[in-house]
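As they're listed, the protein sequences go chains A and B. Under this note's numbering, the first residue of the first sequence is numbered 1, with each subsequent residue one higher. Under this note's numbering, the first residue of the second sequence is numbered 1001, with each subsequent residue one higher.
Wrong hints could be hidden among the right ones.
To be verified - On the chain B side, residues computed to face chain A include the following (Cβ under 10 Å): (1) Gly1132; (2) Gly1136; (3) Leu1137; (4) Pro1138; (5) Lys1159; (6) Phe1162; (7) Leu1183; (8) Val1186; (9) Ser1224; (10) Phe1228; (11) Ala1277; (12) Arg1313; (13) Asn1366; (14) Asn1371.
What the hints assert, rightly or not - To list a few chain B residues with every Cβ distance to chain A over 12 Å, as calculated: (15) Ala1156; (16) Gln1157; (17) His1177; (18) Ser1180; (19) Arg1209; (20) Ala1256; (21) Thr1264; (22) Asp1273; (23) His1315; (24) Ser1391; (25) Glu1409; (26) Gly1428; (27) Thr1437.
What the hints assert, rightly or not - Some chain B residues close to chain A (C-beta under 10 Å, calculated; not the full set): (28) Pro1065; (29) Tyr1067; (30) His1083; (31) Ala1085; (32) Phe1087; (33) Thr1090; (34) Arg1094; (35) Asp1200; (36) Arg1242; (37) Asn1243; (38) Phe1245; (39) His1293; (40) Leu1302.
Please keep in mind that the hints were generated in silico from the structure rather than gathered at the bench. None of the values given here were measured: they were computed from a predicted structure. Note that CB positions come from ideal geometry on N, CA and C, so glycine has one too.
2 protein chains.
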Amino acid sequence: MSEEQPTDGEQVSADRGRLSRRRMLGLTGTGAAVGAATFAGGLGIGRATAAEPAAPPTGTSRTYPFYDAHQAGIVTPAQDRLHFAAFDVTTTSREELVTLLQAWSLAAAEMTQGRPAQAEETSYDSPAADTGEADGLPASGLTLTFGFGPSLFRDAQGKDRFGIADRQPKELKRLPHFPSDNLNPVRSDGDLCVQACADDPQVAVHAIRNLSRIAFGTAEIRWSQLGFGRTSSTSKAQTTPRNLFGFKDGTANLKAEDTKDVDTHVWVGGQDDPAAAWMTGGSFLVTRRINMHIETWDRTSLREQENIIGRDRPHGAPLSGGTEFSEPNFTATGRAKEPLIAMDSHVRLAHPTTNKGAAMLRRGYNFTDGNDALGRLDAGLFFLAYVRRPSTQYIPMQMRMSREDTMMEYVQHTGSALFAVPPGAKQGGYIGQNLFT
Amino acid sequence: MSEEQPTDGEQVSADRGRLSRRRMLGLTGTGAAVGAATFAGGLGIGRATAAEPAAPPTGTSRTYPFYDAHQAGIVTPAQDRLHFAAFDVTTTSREELVTLLQAWSLAAAEMTQGRPAQAEETSYDSPAADTGEADGLPASGLTLTFGFGPSLFRDAQGKDRFGIADRQPKELKRLPHFPSDNLNPVRSDGDLCVQACADDPQVAVHAIRNLSRIAFGTAEIRWSQLGFGRTSSTSKAQTTPRNLFGFKDGTANLKAEDTKDVDTHVWVGGQDDPAAAWMTGGSFLVTRRINMHIETWDRTSLREQENIIGRDRPHGAPLSGGTEFSEPNFTATGRAKEPLIAMDSHVRLAHPTTNKGAAMLRRGYNFTDGNDALGRLDAGLFFLAYVRRPSTQYIPMQMRMSREDTMMEYVQHTGSALFAVPPGAKQGGYIGQNLFT
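Generate the whole structure from the sequences, applying the supplied hints.
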């Protein structure tokens, strides 16, 4: 390594043969020059002055803080792309699990700021600390949101896996079977989850890949899901996107600006569950992989589609009149006293007024995962919803919808999971710290 | 339908109960108001003034013409997202096949300009002419590129399927088996293909879905592939992206600006194959689904990775020195006369100078399709390359690489296809017209 030529006033510790990942990328080619120069007898030095093309191909430079009272990625304005992964913990050691959560938190704090996953020093003769495919891409609004499944607390036999069973939130139970569920067990449940949202899918995929890599030997991916387009707005500044039924989705969603509603419906309060006080400031995440029979839907008349949804397609306005953001009038009737918004329409069955005021913060994504053997697209909605109490905010509504919602003829739920999403980590701390201390 | 209220000076043909798809979306709510008013006794009219939120959630407004000498989506600056589909033709009727190509061409001409798939009139009591999920999204640089597989010309028994066997290009043969291929037949081959590229994945998915819908009864999807990030630049104005090995990919790719090289290496010439003169101005598309063993790769030292690639990771400069766009010096040696760029490195084996000057226009995409049962991401590179002569530009190089390239230890080819991509359609004509007339 005698031919190294530090540049830009940076010190390269040649005898240790190590240089920081961040510095290596920050320097104009030095990291590479060090390696090549070893072979090249000085030839590599020319590369040290290589200039990077300026503009990144995609993405945005916005960043969200990782260390915060609540985890980012919940009320954060929904980013356009998703990579979600559920993990099985493979270790039986509580210490290794805690070490994983610490390492994940550190890596998340780096990556969400647009930096490589691991900032520690690395040797040029070791695997790189970061896998590299997001080098040069901006942070792209990346958020990483972590959750714990019921199986993290107790195994299938009810055994306490990591000495935390007495702290399992009473709301954190495997979701019940809903009528017409057709769940694939390998696409359901999980001990841990990570929701990666970003404006650039390469940034989201990079994050899940590096977290999976960090978990090697401690946890492994059980299932994962890419989402190519958001189907909900979580901020009033966002336009309402469309789902694969072609309709605007999530018009009546909770929005970050309605802080009182968010406090009521999303964040777990200090008195909600005294045995699980570590969840204060956290939330519960329902995930449902909802396949859409889009070929069947596409053969249905526009009138029928609108009656099933209860809104018009062009603007998303309720069929009782008004604009997209008008409140639906469920008592309005038309000819022959028929309700303008059908009794079995989706908007009626999902609306807070017909669910004892229950509301959710939805954060779902459209997905397409290839096609089936009959040439039909394997596509639909990956439903994500954050609620304070699944037992009152999600389960009764879904039970009712799966029985009464006409839309159920066009969808099939193929994956399901519930996770407890702890509050945010403090600077220097880690996600879930209050559960383990 | 007596309560319709035409707005904005538009005429609504009430007695026919039909209104154009485009007008329906263009009018501020009229289409929906028509439907709702039927039930609502006038209540729906209020919606006719609903204003759309201004900003679309994503995408760009750039458009590329559909009718052109060459098909768009080849030398077009590579868009960020991909949805690719291969189709099996299910009809035995030549006429139906031609009708499909005509309908596809019309729909492509609409969608690439940011309009719904079908502009013809539709009834509110019929299925909508467009599936709707791209309503309100800009064109996002959508290109749709169509190709014909060898199986369109002759079936497995060699039988002429549609009276075009005598016009099958001699270059259009099923790709040979390459050493270490592990092809999944249901992810390989196909009678027809459509490559949808756009800046917004929802726009690309919408296009494939609507083309598949139009094909119902004539052709069905055989396999499909989403790509979330481009791995090649096809224009000098673009920065070089990174593949999932973390390296810049396609630095030495053909670029649209090198029109002479493009003419030499991409476009089929009038004298190339007199029996298949209909291909003049077209090209051949090689598709390969290349799974990357990213977990294994990630455990390899950075030095080893760079030696396998033959370039440095931070900047993509050849290991012989210089910057990203410096020509690799394959004769340069370092200590002990070892070549700076290893003999079995990817850059050496793929380079035109070691392939009798053969070059390709690459247009590949990173993909992640969930994970396998061992928790490893099902991820890699969906390789797309346009060449004038597969027999000299792709097959010998791939044969050599699959034997000698050290990178082959980290990848597995799991899908393969070759398509003849005809020239562009003339205004009023359709893709492949010269093949059928």
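Classify the label on Gln1157 of chain B as holds or violated, using whether its beta-carbon is more than 12 Å from each beta-carbon of chain A. Given that every Cβ of chain A is farther than 12 Å from that of Gln1157 of chain B, nearest at about 23 Å, it holds.
Mind verifying the non-interface call on Glu1409 of chain B? Its CB should be farther than 12 Å from each CB in chain A. holds, 15 Å
Holds or violated: the hint that Asn1366 of chain B contacts chain A, with Cβ atoms closer than 10 Å. Holds - the Cβ of Asn1366 of chain B comes within 10 Å of chain A, reaching about 7 Å at its closest.
Using Cβ atoms only, decide whether His1083 of chain B comes closer than 10 Å to chain A, and label the hint accordingly. Status holds, d = 7 Å.
Per the CB criterion, is Ala1277 of chain B less than 10 Å away from chain A? Since chain A brings no Cβ nearer than about 33 Å to Ala1277 of chain B, farther than 10 Å, the hint is violated.
Any Cβ of chain A at or closer than 12 Å to Ser1180 of chain B, or is the non-interface label fine? holds, 24 Å
With d taken as the least Cβ-Cβ distance between His1177 of chain B and chain A, does d exceed 12 Å? holds, 24 Å
Under 10 Å is the threshold here; is the Cβ of Asp1200 of chain B close enough to any Cβ of chain A for the hint to stand? Constraint on Asp1200 of chain B satisfied, holds at 8 Å.
Given hint Leu1183 of chain B near chain A, where the shortest CB pair must fall under 10 Å: Interface hint status for Leu1183 of chain B: violated (16 Å vs cutoff 10 Å).
Mind checking the CB of Pro1138 of chain B against every CB in chain A and telling me if the closest is under 10 Å? For Pro1138 of chain B, the interface hint is violated, since the closest Cβ of chain A sits about 12 Å away, which is over 10 Å.
Just checking, His1315 of chain B versus chain A, shortest CB gap more than 12 Å? Check fails; 5 Å does not lie beyond 12 Å.
Restraint: Phe1087 of chain B near chain A, CB-CB cut 10 Å. Satisfied or not? Check passed: Cβ of Phe1087 of chain B comes within 8 Å of chain A, closer than 10 Å.
Against the hints set out earlier in the document, violations occur for numbers 4, 5, 6, 7, 11, 19, 23, 28, 29, 34 and 39.
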